[in-house]
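Colleague: Residue-level listing of the chains:
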Amino acid sequence: MNAPEARTVECDALVIGSGAGGAVAALELARAGRHPRVLEEGPRVSPAELAAATPAENLRRLYRNAGLTPVFGSPVIPYGEGRCVGGTTVVNGGLLWEPPAGLLDRWADGLGTDGYRLRHLAGHLGEISRRLAVDAQRHGAGNEDSRLLAAAAEVLGWRWTLARRAAPGCAHRNRCPTGCPSGAKRTMATTYLPEAERYGARIEPDVRAVRLDHDDGTVHTVRAVGPDGAPVRYRPRTVFLAAGAVGSAALLQRSGIHRKAAGRATAFHVNLRLPARFGSALHAERGTIFTAQVGEFSGLGVHVMAANLTPGSLAAALARQGPAVVDALLADYARTAVFTVQVRMTGRIRVGRLPGAGTVLRHRLAPHDVDLLRFALVRAARLLFRAGAVELYPPAPGLLNSVRSAEEFARRTDPRTWDLVSVHAMASCPMGPAERGGVCDPDGRPYGFRNLRVCDAAVLPGPTGVSPQGTIMAFAHEIAARYLTAPPRRQR
Amino acid sequence: MRPDALERALAAAGLPTLWAARHPVLRDPEVLARAAAHVAGSLRVQPRPYRIAVLLALRLMPLAFLLVAGVRVARSRPDALAHGSQRLARLPGCALLLRSAEALALYGGLDGGPDRLASGPAPRPPAPPSVPTGAPT
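Protein sequence lines correspond, in order, to chains Z and U.
For the first sequence, our numbering gives the first residue as 11, with consecutive numbering after it.
For the second sequence, our numbering gives the first residue as 14, with consecutive numbering after it.
Simulated from the structure, these hints should not be mistaken for lab results.
Be careful, since some hints might not be right.
[Stated by the list, open to error] Some chain U residues judged to face chain Z by a derived CB distance under 7 Å, without partners named: (1) Asp17; (2) Thr30; (3) Gly54; (4) Pro60; (5) Arg64; (6) Tyr120.
From the three backbone atoms N, C-alpha and C, an ideal C-beta is built for every residue, glycine too.
Bound conformation, chain U alone (with noise of 0.2 Å):
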């Protein structure tokens, strides 16, 4: 199926990508893709003038991301687009729409699969690389 505008617009405004670089667990391109899927859904149902402004915030992210971090989205490396993530963040209303967005991304990514629970045992969620805490047990 042909992606949607929604669907468009979040890959040009590298959200995918970045939420990839950020978090190990959606760098697997099925659960990546279902992240995109769930965000792109969920806007999709949200009244008309509240999808009209987000895809008018993600349309502009590109140049906002290119004038605040000096680089291209869509060349950036994982580390130059979390960096630019960050200093983006900073723009009113960016921090809470980017939050959101991965919010419903790693939601999506991870409960949007095949819900093992209505047929068989608990589902193990994907194992990112070990990262220590230094937290006490």
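The following block holds chain Z by itself, in its conformation from the complex (with noise of 0.2 Å):
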């Protein structure tokens, strides 16, 4: 039987992906007039579809790899970002913090990205918050974990901050990681792709992009991959690559651009699960993913927070501390809550390729990350018993039931045994001079290319700190206004 001859599809314009980056671009070069076409390797989700979805169906379903994406090295550390129609803006918090100024100076001072200053991004970050009616998550009724985290941080005399949402009308279903029931947080899904088919673009699901074909720096067709397994080729005229920072990497590579430096040095955060049970009754499920942030710690790159609550994400918190531990907490479920602890790694993740196993994902942790790693649990320590914890249940087997044991457990454990998750990866083809590992111009084009642009996490010059959905969508912006209002040119 001969293989399916491939569909050929000239278009204008191509966006790779339909997460914060790809959206951006999509409803920019729409609105343009340009017709983009968007590929999006995973599905198309409905709110309703969502809602009626149990959390476990839409973890395997709305998830690369059911958010299970190894990244091998000590710990082996399961990567989660989202394969859907939207991208990751589905499954995250909604969270979006403006890019701190000190952050974007020091980016352009030191990586010559100096167009990308607070003030050179302010238009579009207004933009960004109007559109997705960003604004201060208030506690409201529920949110007790929040409430008591803002009220240790300030007896303790920590910054705190309530958390920036994308989400007005927040019900506070509780099921912000899983795909938002009720429709109230504005993903990419139900905002800008929406508009930008409404202006002429059109978003393909289930279509998987595998290779740009390139001669003398025009990439001149995309080889994709439809629902229906069938080769599908675009010949674009531009291409916009936001296929996340581990998926736009892989791609460059695929296709023999940058080969070496696409993927190599990937920043991320790594997560630690504090499940906590305290004094008196919280009923942490009653509320939204957080409300309040402490950021005493920002500079190094830490942040404390409080976590969705269900039964079967503390159970899977806690499982490495055995079946009594389990059972007990789930017993004293009203007492219990989970917090989150953010960290910024120094070390890197490699994006390689194996024969026969596709996208392998190495990191190393450097000595500062385990240093870190330990002093970070020990404040969040600080913080939630003086929020009323009575019990913590830290990364890898033990038991907290003071600061001093958990300045204990954090000397005498290795944070490379711990269990850590990673939801946020970024700069792995950073903006910045070739000759300090950057990949792309400050138009966002990988160099020597011309008609191809990178506009996702991926060509962030460095880690955020933060969520980095605001500080990708505001790139994303700048990248796709260059592009538009950029002289036409000559043609050969």
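Each chain sits in its own coordinate frame; assemble them with the hints.
Modeller: Here you go:
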């Protein structure tokens, strides 16, 4: 039986990926009358379908590899990213932090991204905030875990802030990581992409881009596999690549574009989870992901916040502690909460490729990271005991019932054996000087390419230290704007 | 629906029986079925090389169990299963596989049911037998 013949699609603009960066490119191109095609590897899932499915079903359907992409190293770190129309914005907490001005200045001064300081991005950030109705997330009737965290921070004199979220009318359904069942969260799937479609964009779910064919700095064909498994060849005049920090790097590698530099040093954050039992009932399942974030140590890239609490996520977080602990905390659910400590790593993830195995991720924690994880755990413990926790369960077998026990645990154990997860990867194809590992120029184009732009987390010059959606979208707006306002090229 | 290769391999490896032995919350047949479905479903969406590797490991598990515990998985009492799995976890690579599968099972079993929050009051987790911890309150 002959292989199916590839269908050919001619198009003006092609966007690969429909997450935070791709959706911005799609809307900007559509508003400019370019009728972009938007390829998304994952499915299109409506809010009604999200609400009708169980959290476990949504986890398997909305995430790449069910949220279990392994980053090999010590420890093996599961990496979670969205794989659906809207990308990770469908499964994140809807947080929209502006990039810190100091961070953007450091990038500009050190890496030459001078047109991406806060004053240059302010207009885009304002538009993003308006489109997504970003506002401070109040505690509301629930979110006692966040209230207690904020109160503890006040007593300690530590900085904290209300979460800024794109979720007006949040119904506090406590399902953020598995898709918002109320539709309140403003994901790309419910905002930028539908608007792009109204301007003539065409979203193509279940289509996977596998290779970019190019000659002399011009991408002339994007090879893809359609929903039916049949090959499709897109022939775009311009390509915006937004397949995620891992996906964009992997696609460039497969296509022989900056094969050695792309994905070589991907920045990432890790999260460690701290299930906690309190002295009195707090009903932590009543609320949204979190409403308060403690940023006292944000200069080090450390943030502490509450996490969504469900019986399954609690039990999974405690699995390593053994059945007795799992049972005890499930039986004491009303007094239990889970907190996340997010830590920016200095070590990097290498996106590689093994023949027959596809994309392989490896990391190596730097000595600084090991020390920082210990520091972060102890500070978080101090905060949570002040908040009223009587027991904390650390990310390796053990029980903490005082700050001293947390210090002892941190000293005695090796963070390279802890249970860590990651949901933020970035800077795999960074904007910056080639001699310093940069892959893209200030317009987001991989060096040497004219009609290809990277506009997602991959193009960021380095780790943000905060949830990166706001920064990604601001960069994507700027990259798209530069493309659309560039003088037309003289035909050869 | 006929179980696929992954579900059959999970069952043959004795993992659902082991999970139920270790965790009272997974002893309800419906909850256990959801747990197994989530583990199998999660494995099903992994890249092919990982899927093959896990399938192979699951197929070797009954033999490995026999070698370290001296009894067959299928004929073990719950206490022997628990003891055997602890010994199995000392084999290189097994600890991560067993731990990951158990965490997935707990998640799938407890969060794989109808989402009452979408249309009703907050869900209450299955109440396991009360377990005294001695923790101060």
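Colleague: If any of the earlier hints don't hold here, list their numbers in rising order.
Modeller: The structure conflicts with hints 1, 2 and 5, although it agrees with all the remaining ones.
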